[in-house]
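Build out the structure end to end from the sequences listed, making use of the hints.
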Amino acid sequence: MLRPEDRAAAGDLLWRYTALLDEDRLEDWTELFVEDCLYRILTKENEVQSLPLPLVLCDNKNMLRDRVQSLRQANIYNIHTDRHVVGFPHIAEEGEFLSVSASYALYQTDQEGVTRLFSVGCYRDRLVRVDGALLFKEKTVIVDTAGILTLLATPI
Amino acid sequence: MLRPEDRAAAGDLLWRYTALLDEDRLEDWTELFVEDCLYRILTKENEVQSLPLPLVLCDNKNMLRDRVQSLRQANIYNIHTDRHVVGFPHIAEEGEFLSVSASYALYQTDQEGVTRLFSVGCYRDRLVRVDGALLFKEKTVIVDTAGILTLLATPI
Amino acid sequence: MLRPEDRAAAGDLLWRYTALLDEDRLEDWTELFVEDCLYRILTKENEVQSLPLPLVLCDNKNMLRDRVQSLRQANIYNIHTDRHVVGFPHIAEEGEFLSVSASYALYQTDQEGVTRLFSVGCYRDRLVRVDGALLFKEKTVIVDTAGILTLLATPI
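Heads up: the protein sequence lines correspond to chains A, B and C, in order.
The numbering of the first sequence is numbering that gives the first Met the number 0, which starts it at 0 and goes up by one.
The numbering of the second sequence is numbering that gives the first Met the number 0, which starts it at 0 and goes up by one.
The numbering of the third sequence is numbering that gives the first Met the number 0, which starts it at 0 and goes up by one.
Treat the hints as calculated values from the structure; they're not laboratory data.
None of the values given here were measured: they were computed from a predicted structure.
No false leads were mixed into what you were given.
A few chain B residues that face chain A, going by a derived Cβ cut-off under 8 angstroms, partial list only:
{"hint": "1", "residue": "Pro3"}
{"hint": "2", "residue": "Ala7"}
{"hint": "3", "residue": "Asp11"}
{"hint": "4", "residue": "Ala18"}
{"hint": "5", "residue": "Thr80"}
{"hint": "6", "residue": "His83"}
{"hint": "7", "residue": "Val85"}
{"hint": "8", "residue": "Phe87"}
{"hint": "9", "residue": "Tyr106"}
{"hint": "10", "residue": "Thr108"}
{"hint": "11", "residue": "Gly112"}
{"hint": "12", "residue": "Thr114"}
We put the beta carbon where it would ideally sit given N, CA and C, even for glycine.
Here's what the structure looks like:
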């Protein structure tokens with residue numbers, strides 16, 4: 000059985016992940032990953048058929064840092080704020096990792112204050128303990144919503 | 000006070016319920032219920048006025064199995080994938096049961112990858128322990144969204 | 000480390016807050032606050048810039064009661080039912096308080112049963128223990144969705 004303190008710590012990391020994105024603290028967001036991490040966004044179709052065609056693939060932390068830096072510089076994408084609502088998660092031990100699964104809905108609000116549903120899907124994560132703190136070893140985002148992925152800029 | 004392991008197990012069952020629906024594993028979904036179960040979908044109006052007019056009523060597990068089988072065969076309903084986002088739940092002891100209450104939002108994504116809100120509402124569930132595992136004795140879905148219920152096919 | 004029973008009690012209060020609103024039990028909802036409470040609704044813009052311009056500000060429980068009473072009497076606002084879906088929360092000790100942070104999505108369903116997204120945002124709360132029960136000392140709602148705030152009537 001999973002220890003209550005591990006469950007709590009995993010839930011806190013999941014919460015922190017979305018809170019930092021929603022507050023546009025992207026640099027701090029990268030610090031939730033280990034150096035040798037995997038971040039990827041797949042479509043549900045890809046995942047079901049085991050197709051190796053991620054929409055986004057970063058297989059180390061420097062790629063995440065680069066991505067954030069180019070978002071800060073380019074900044075030509077549609078300006079918005081994000082709001083993640085993450086459903087009640089499943090947290091379990093999986094060998095040396097903690098695995099976390101959760102549904103999400105991601106809303107974007109434009110500069111006129113109009114909110115639209117941007118994407119729904121789920122997270123499949125592997126967490127690892129480093130110096131007493133939990134960090135993401137793997138973050139896999141599986142998106143149901145394919146129609147708007149051309150607008151994909153900030154992380155999900 | 001509810002034991003932490005019971006709280007965790009109830010949360011896991013709630014998560015599993017929606018994960019199986021979202022992955023279209025309907026046959027596995029029926030296995031989350033005891034044989035002598037109650038599954039029903041009510042409108043909020045029905046529930047407030049105590050009207051005995053459920054939109055869907057299955058009062059044993061074979062009815063759930065039949066429902067899944069006819070969905071598999073008929074398959075003439077609008078093709079979509081589901082995504083449930085379940086709000087933070089309330090879990091309590093209630094005699095021999097665990098009661099679980101939670102809000103949900105259910106999104107459907109069509110074959111073009113366009114996601115729409117299908118229904119919001121809440122769950123009012125009774126869970127029972129059988130051979131050490133928690134299962135649904137009763138699952139009551141109270142739906143706010145009435146306008147689209149003619150499209151109701153897969154379970155909520 | 001936060002005690003499991005405090006985490007559970009804070010989660011229960013958060014759940015009860017939205018359940019009472021969604022069931023239109025506004026009088027019971029006021030009882031979740033201490034007399035000397037703060038309830039306010041801010042825009043995300045206000046909060047980021049630390050502007051002291053709340054959309055709604057009630058700095059004691061009588062103001063909440065008055066607000067509910069005038070909603071009951073005036074009742075000329077658009078009739079709807081609410082449904083909150085609250086994301087997985089962050090709960091922590093903060094001196095004498097428990098702090099709770101959570102994202103929310105608020106849907107409204109009109110009398111024809113049509114559901115629309117009304118607002119997304121987050122809660123930043125401070126809870127205090129009074130006679131063994133947790134109550135809200137402060138409830139701050141930070142809304143992303145500004146475009147529809149002229150329709151703001153029932154609490155978020």
